Amino acid sequence: MGGVSFRPGPGAVYSGSAMTYLDHAATTPILPEAAAALTAALTSFGNASSLHSSGRRARRAVEEARETIAGALGARPSEVLFTSGGTESDNLAVKGIYWGRRAKDPGRTRVLVSAVEHHAVLDAALWLAEHEGAEVTLLEVDDFGRVHEDTLRAAIAENPDDVALVSVMWANNEVGTVNPVRELAGTCAAHGIPFHTDAVQAVGVLPVHFAESGASALTVSAHKVGGPYGVGVLLLGRDVPCVPVAHGGGQERDVRSGTLDVPAIVSMATAVRVATEQRAERAARLTALRDELVREVRAALPEALLNGDPGETSVDGGPSRLPGNAHFTFPGCEGDSLLMLLDARGIECSTGSACTAGVAQPSHVLLAMGVEPAPARGSLRFSLGHSTTVADVRTLAEAIAPVVERARNAGLAGLRRGAARTAEV
Amino acid sequence: MRVLAAMSGGVDSAVAAARAVEAGHDVTGVHLALSAKPGTLRTGSRGCCTVEDAHDARRVADILGIPYYVWDFAERFTEDVVEDFVAEYAAGRTPNPCLRCNERIKFEALLDKAIALGFDAVCTGHYARLEVVDGRPELRRSADLDKDQSYVLASLTREQLSHAMFPLGGSVKSDVRVEAQERGLAVAEKPDSYDICFIPDGDTRGFLQAKLGARPGHLVDDETGAVLGVHAGVHGFTVGQRHGLGIEAPAPDGRPRYVLSLEPVSGNVRVGAVEKLGVREIVAERPIWPSGVALGGEVECVAQVRAHGGTSAARAALVDGALVVRPSAELRGVAPGQAVVLYRPDPGGDVVLGSGMISATR
Numbered sequence: 000m001g002g003v004s005f006r007p008g009p010g011a012v013y014s015g016s017a018m019t020y021l022d023h024a025a026t027t028p029i030l031p032e033a034a035a036a037l038t039a040a041l042t043s044f045g046n047a048s049s050l051h052s053s054g055r056r057a058r059r060a061v062e063e064a065r066e067t068i069a070g071a072l073g074a075r076p077s078e079v080l081f082t083s084g085g086t087e088s089d090n091l092a093v094k095g096i097y098w099g100r101r102a103k104d105p106g107r108t109r110v111l112v113s114a115v116e117h118h119a120v121l122d123a124a125l126w127l128a129e130h131e132g133a134e135v136t137l138l139e140v141d142d143f144g145r146v147h148e149d150t151l152r153a154a155i156a157e158n159p160d161d162v163a164l165v166s167v168m169w170a171n172n173e174v175g176t177v178n179p180v181r182e183l184a185g186t187c188a189a190h191g192i193p194f195h196t197d198a199v200q201a202v203g204v205l206p207v208h209f210a211e212s213g214a215s216a217l218t219v220s221a222h223k224v225g226g227p228y229g230v231g232v233l234l235l236g237r238d239v240p241c242v243p244v245a246h247g248g249g250q251e252r253d254v255r256s257g258t259l260d261v262p263a264i265v266s267m268a269t270a271v272r273v274a275t276e277q278r279a280e281r282a283a284r285l286t287a288l289r290d291e292l293v294r295e296v297r298a299a300l301p302e303a304l305l306n307g308d309p310g311e312t313s314v315d316g317g318p319s320r321l322p323g324n325a326h327f328t329f330p331g332c333e334g335d336s337l338l339m340l341l342d343a344r345g346i347e348c349s350t351g352s353a354c355t356a357g358v359a360q361p362s363h364v365l366l367a368m369g370v371e372p373a374p375a376r377g378s379l380r381f382s383l384g385h386s387t388t389v390a391d392v393r394t395l396a397e398a399i400a401p402v403v404e405r406a407r408n409a410g411l412a413g414l415r416r417g418a419a420r421t422a423e424v
Numbered sequence: 000m001r002v003l004a005a006m007s008g009g010v011d012s013a014v015a016a017a018r019a020v021e022a023g024h025d026v027t028g029v030h031l032a033l034s035a036k037p038g039t040l041r042t043g044s045r046g047c048c049t050v051e052d053a054h055d056a057r058r059v060a061d062i063l064g065i066p067y068y069v070w071d072f073a074e075r076f077t078e079d080v081v082e083d084f085v086a087e088y089a090a091g092r093t094p095n096p097c098l099r100c101n102e103r104i105k106f107e108a109l110l111d112k113a114i115a116l117g118f119d120a121v122c123t124g125h126y127a128r129l130e131v132v133d134g135r136p137e138l139r140r141s142a143d144l145d146k147d148q149s150y151v152l153a154s155l156t157r158e159q160l161s162h163a164m165f166p167l168g169g170s171v172k173s174d175v176r177v178e179a180q181e182r183g184l185a186v187a188e189k190p191d192s193y194d195i196c197f198i199p200d201g202d203t204r205g206f207l208q209a210k211l212g213a214r215p216g217h218l219v220d221d222e223t224g225a226v227l228g229v230h231a232g233v234h235g236f237t238v239g240q241r242h243g244l245g246i247e248a249p250a251p252d253g254r255p256r257y258v259l260s261l262e263p264v265s266g267n268v269r270v271g272a273v274e275k276l277g278v279r280e281i282v283a284e285r286p287i288w289p290s291g292v293a294l295g296g297e298v299e300c301v302a303q304v305r306a307h308g309g310t311s312a313a314r315a316a317l318v319d320g321a322l323v324v325r326p327s328a329e330l331r332g333v334a335p336g337q338a339v340v341l342y343r344p345d346p347g348g349d350v351v352l353g354s355g356m357i358s359a360t361r
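Respectively, the protein sequence lines represent chains A and B.
When we follow numbering that gives the first Met the number 0, the leftmost residue of the first sequence carries the number 0, and every step to the right adds one.
When we follow numbering that gives the first Met the number 0, the leftmost residue of the second sequence carries the number 0, and every step to the right adds one.
Treat the hints as calculated values from the structure; they're not laboratory data.
Computed from a predicted model, the values in this text were never measured in an experiment.
Beta carbons: idealized from backbone N, C-alpha and C, even for Gly.
Please note that a few of the clues may not be correct.
Short derived list, chain A residues pointing at chain B, Cβ under 7 Å [unchecked claim]: (1) 48; (2) 105; (3) 288; (4) 335; (5) 408; (6) 409.
Sample of chain A residues with no beta-carbon within 12 Å of chain B, all distances over it, derived [said to hold, decoys possible]: (7) 26; (8) 40; (9) 156; (10) 229; (11) 336; (12) 338; (13) 397; (14) 412.
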């Protein structure tokens with residue numbers, strides 16, 4: 000494909016700045032401080048495992064980053080394991096802790112995960128069921144997508160002695176509902192069961208404190224908090240058994256081998272530090288913008304349904320819904336039609352978790368919350384972040400009603416023709 | 000115009016989309032996901048709609064600089080094409096799934112959605128010429144007669160065709176490949192697909208067997224009524240078929256036997272000599288007029304009874320809402336369930352007059 004130049008077609012808008020980006024839960028622009036740290040670190044080299052001067056310099060940068068992240072998230076430096084991102088951290092926690100617990104007690108084969116987990120947790124658990132003799136218990140959620148402590152308690156009570164681990168996300172990536180992590184972790188602790196939580200969406204907007212949460216393991220992704228892609232952290236308590244998924248040089252407490260990506264780690268630490276320092280202020284700003292967005296959408300389309308927790312209460316000293324999340328069902332519409340029409344107007348959002356083939360499947364999160372498949376397909380997530388402005392919210396507010404009307408007509412077109420043909424036959 | 004380009008991931012739809020962009024249209028690319036469980040990788044030239052095909056289409060859209068989406072039509076495709084295909088075989092007919100897909104998916108489900116979303120037309124990589132003459136669509140054979148697909152488009156109505164765009168109609172396939180190469184489209188060398196896309200291994204009989212199970216019946220000599228053997232279901236046969244009949248003993252005269260007709264109720268497959276395959280009259284239901292003009296009186300035309308070959312000069316007329324077509328020479332292997340397409344010969348590409356689904360032959 001060498002020599003092929005990029006030719007934007009007529010009408011195509013490809014300038015990032017022209018876009019109204021409302022998909023920060025997918026990824027958020029890198030923070031200027033993190034970009035500066037990344038570019039500065041790219042030109043210095045060294046393998047953090049080497050014993051010479053270059054190696055020591057690289058190692059020092061990594062250890063400083065580790066201490067920064069530990070400090071920002073209420074963990075000890077030795078609890079910070081660098082990985083390639085959220086998916087790897089989740090896999091390492093679910094599989095590693097499962098294997099570690101089973102090695103000590105072969106009877107511990109039950110894995111309890113919420114039904115609304117990200118696929119990185121859900122599919123890792125289901126893989127264990129298929130290949131490693133695990134029994135997966137899906138913890139039911141309420142209509143907001145929240146796991147209740149008594150649900151977890153009842154599931155553990157079925158047989159406390161066979162539970163390998165529990166994994167429940169801090170906040171849901173699709174509908175934004177925050178889980179009572181301290182309560183859930185406390186229930187696990189009472190039985191000596193490791194509790195993992197995927198906090199990918201929580202860091203930077205919710206008060207995430209590893210020690211105070213009581214969790215045994217916690218997943219963080221850099222690019223969701225304004226850091227670079229391809230790097231993340233698993234916070235792992237020092238007494239939590241965890242068998243490596245990838246074997247090799249024994250880096251990262253012998254749990255996660257591989258030469259460390261020093262520039263990415265340094266940049267991630269900067270992003271986590273800045274994001275947590277600015278958290279309270281940012282959360283307040285995003286909450287106000289999000290509330291404005293919800294008001295505007297509801298004013299334009301009274302039939303639009305807000306999914307997830309309404310965000311009016313408090314969980315673990317923070318909001319009950321992610322400050323930047325607004326997730327709606329637009330009855331009678333197909334999510335892919337809505338997405339395309341908004342995209343054509345320069346507004347970027349999401350129909351749910353992206354998928355390899357790009358085919359929009361009804362969200363497992365909404366289905367678990369009791370939403371029917373048809374309305375589940377007609378849902379959109381708008382997620383706000385550090386670069387979101389009032390103008391972005393206004394742009395969406397002006398576009399949403401005509402877009403929904405057109406998408407609804409497209410949905411009806413399919414139904415009408417189908418009905419006509421049935422009548423004809 | 001705002002154009003929705005259906006992009007399969009193959010070379011034809013890629014060049015068609017490129018030409019639509021170059022013509023100045025505002026083009027959006029869409030790949031139709033037609034299988035609920037698409038394979039990850041293509042194997043050989045067979046199959047389509049894999050994740051790899053979706054990827055290939057995406058890369059073409061990148062180079063063209065057009066937005067690109069994958070739309071899920073798996074449910075509609077399963078109901079309207081795959082299940083219809085199975086039901087037609089079970090009823091002793093021989094369906095054409097590509098025709099059905101054009102009629103029900105690309106130019107119905109997709110077109111309806113496109114129009115409702117504000118598009119003016121759906122663009123595909125079909126080889127057929129389409130022009131507007133006196134405000135009416137005129138569908139003609141492709142400039143590349145080997146690739147001509149007017150047969151599988153002839154069941155589109157005037158309304159459907161007035162929102163269709165076939166930018167490759169005036170081209171030959173070899174030129175399209177060269178053009179794809181020149182445009183830097185990685186799909187330039189992608190092999191042609193010949194098989195039914197939802198039967199990637201090409202084993203239609205095995206596919207139907209799995210769907211319909213065994214429905215045993217007799218192979219019957221059309222002349223004598225003698226039972227020559229047993230078979231696992233009429234869906235394993237097509238009128239005009241010679242091979243794979245599973246008859247042990249040769250015919251008394253030593254000449255090959257052909258399938259003459261399928262009787263789904265009794266389960267009989269009637270076989271006989273090649274002369275008995277000849278058809279002098281074809282009756283076709285559900286006539287469709289691509290330009291919106293019904294046949295007036297008896298018309299001299301060329302009739303085509305299957306996707307490749309099977310043409311003859313004929314006289315056709317509309318009788319009690321059905322097409323009655325009388326080929327001037329006997330046509331063989333005319334299978335109910337296939338379309339009969341009527342053309343008016345023209346040096347600039349034969350013009351489609353109308354089509355219908357073959358329901359009976361005499």
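### Task
Let me know if the C-beta of residue 408 of chain A comes in closer than 7 Å to any C-beta of chain B, holds or violated.
holds, 5 Å
### Message
Please check whether the beta-carbon of residue 397 of chain A is more than 12 Å away from every beta-carbon in chain B.
### Response
holds, 17 Å
### Query
So is residue 26 of chain A really clear of chain B, every C-beta pair being over 12 Å apart?
holds, 19 Å
### Message
For residue 229 of chain A, is the shortest CB-to-CB distance to chain B above 12 Å, so the non-interface label stands?
### Response
At about 21 Å from chain B, residue 229 of chain A clears the 12 Å cut-off, so the statement holds.
### When the least beta-carbon distance from residue 105 of chain A to chain B is tested against 7 Å, hint result
Violated. Min distance 35 Å.
### Message
Please check whether residue 288 of chain A passes as an interface residue: C-beta within 7 Å of a C-beta belonging to chain B.
### Response
violated, 27 Å
### Query
Non-interface claim for residue 338 of chain A: all C-beta distances to chain B beyond 12 Å?
Its Cβ does come within 12 Å of chain B, the nearest being 8 Å, so this is violated.
### Reported absence of residue 40 of chain A from the contact zone with chain B (all CB gaps over 12 Å)
holds, 31 Å
### When the least beta-carbon distance from residue 48 of chain A to chain B is tested against 7 Å, hint result
violated, 36 Å
### Query
Any Cβ of chain B at or closer than 12 Å to residue 156 of chain A, or is the non-interface label fine?
Check passes; 38 Å lies beyond 12 Å.
### Query
Can the hint on residue 409 of chain A be confirmed by a CB-to-CB distance to chain B that is less than 7 Å?
holds, 4 Å
### Message
If we take the beta carbon of residue 412 of chain A, is the closest beta carbon in chain B still more than 12 Å away?
### Response
violated, 4 Å
Checked against the numbered hints listed earlier, the structure breaks hints 1, 2, 3, 11, 12 and 14; every other hint is satisfied.
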